[in-house]
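K.L.:
Listed here are the chains, written in short residue letters.
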Amino acid sequence: MPLRGIRTSTAARNGAGAFILQCKRLDFHYCNWAGSSKGMVAFLEKTLPAFARENPQIEIRVSPRPQKHPLIKGIYINGREKPVCVRNLEPHEILKKATLLKEASGEKLKRVKKPVTSLNESVRGIWSPYHGDLRGV
Amino acid sequence: MFSRSALRSLASELRWTAPSTISSVAPLQQRACLHQSASLMSSQQPQSQSASSHPESPLSATPRAQDTQPTTYQGVRASSFDENTMTPQNRAHVPIAKQPVAPTFTSPLKLPHLAGQKPHYVVAQLHARPYLLTEGDHIRLPFLMPNVKAGDILRFNRASALGSRDFTMKGSPTIDERIYECRVRVTGVDAEPLRIKEKTKRRQRHVKQAKSKHRYTLMRVMDVRVKTPDELLAEGAVVVEDSEDSSVIEPRS
Chain A
1 MPLRGIRTST
11 AARNGAGAFI
21 LQCKRLDFHY
31 CNWAGSSKGM
41 VAFLEKTLPA
51 FARENPQIEI
61 RVSPRPQKHP
71 LIKGIYINGR
81 EKPVCVRNLE
91 PHEILKKATL
101 LKEASGEKLK
111 RVKKPVTSLN
121 ESVRGIWSPY
131 HGDLRGV
Chain B
1001 MFSRSALRSL
1011 ASELRWTAPS
1021 TISSVAPLQQ
1031 RACLHQSASL
1041 MSSQQPQSQS
1051 ASSHPESPLS
1061 ATPRAQDTQP
1071 TTYQGVRASS
1081 FDENTMTPQN
1091 RAHVPIAKQP
1101 VAPTFTSPLK
1111 LPHLAGQKPH
1121 YVVAQLHARP
1131 YLLTEGDHIR
1141 LPFLMPNVKA
1151 GDILRFNRAS
1161 ALGSRDFTMK
1171 GSPTIDERIY
1181 ECRVRVTGVD
1191 AEPLRIKEKT
1201 KRRQRHVKQA
1211 KSKHRYTLMR
1221 VMDVRVKTPD
1231 ELLAEGAVVV
1241 EDSEDSSVIE
1251 PRS
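Taken in sequence, the protein lines are chains A and B. In this text, residue positions in the first sequence follow the working numbering: the first is 1, and each later residue adds one. In this text, residue positions in the second sequence follow the working numbering: the first is 1001, and each later residue adds one.
Quick caveat, the hints were computed from the structure, so don't treat them as lab data.
Here are some of the chain A residues that sit facing chain B, going by a computed Cβ distance under 7 Å: (1) Gly15; (2) Val112; (3) Ser118.
Note that beta-carbon positions come from the ideal geometry of N, C-alpha and C, so glycine has one too.
Input sequences plus hints: build the corresponding full structure.
P.N.:
Okay, here's the thing in structure tokens:
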């Protein structure tokens, strides 16, 4: 018996009904010794509690990573992850990076030219030369 | 809730005292328009001030949409209104000259046909650019919208066209926002991949690299809904005869 994939019955349209933030986890890594983590340590002490309280839907993990630059890593519902190095940044700059990771969709960055993408069929249908009233040329 | 029911009864009295009676909505042979005269506004105002805790906004979105307003507008809500500093919260705050022109229809009225034919599209205007939207569409705006965050619900109230398969309603230039409801939800912020453009000058070896990485707001259309004439009448629309044509419902040829 061949292996069959699971068929999806509906296409995911997050936000059309319920809305789920795509970022599910943020990992904060720091080093206690290195100078490039100075801003990160200040951020973890001062700003992170308020940030975590504002975003209860995001799991937040803080762990040391000795002898390395500080890092924020966002893990998304679609399985991708997005790491951002925050060496030598001030706490308010790190907050900006964390907000960026929070609001990102987790998709790979692509250049999109059309602003609207639709899964629906065309509302007015496709034009046909055989229907409608005849017009003289 | 008192103010809304009181206003509705007031509007129904005005409607019945008006010369044109609206006993049957569907075939509406006379010319119909969303009437909004100065006398109606002035008669509404004392009641809305008496119940100032409920700012009466006839076409505001559902309460679910209202509780996630952008944060900048939260502090604006006040009982006493100053025209110069405040953002208008309901229609009474907007001066008469700046209110949308009430639409008129050539008889027979085809709004029931448009409202009844289900999938609808709307051509919403945002910064003078058209976006053809249907329900569930994904939008990536060509700019980063300020003062919104993921999860906010916006309502697009500038539309140049509204239609279904067989009917199109055109605005001149926009359709009255009270006829339809198009709500979108902000789902996040996206960025484009880093673009590097090499800038060169003549007779110079140096090549400058110009980098750009713009950010864009992502949105999802929650609903595109055309209100039925019954709903419009319940919200205070009045059928008036003999008005100038501004917006015409015309069938697709």
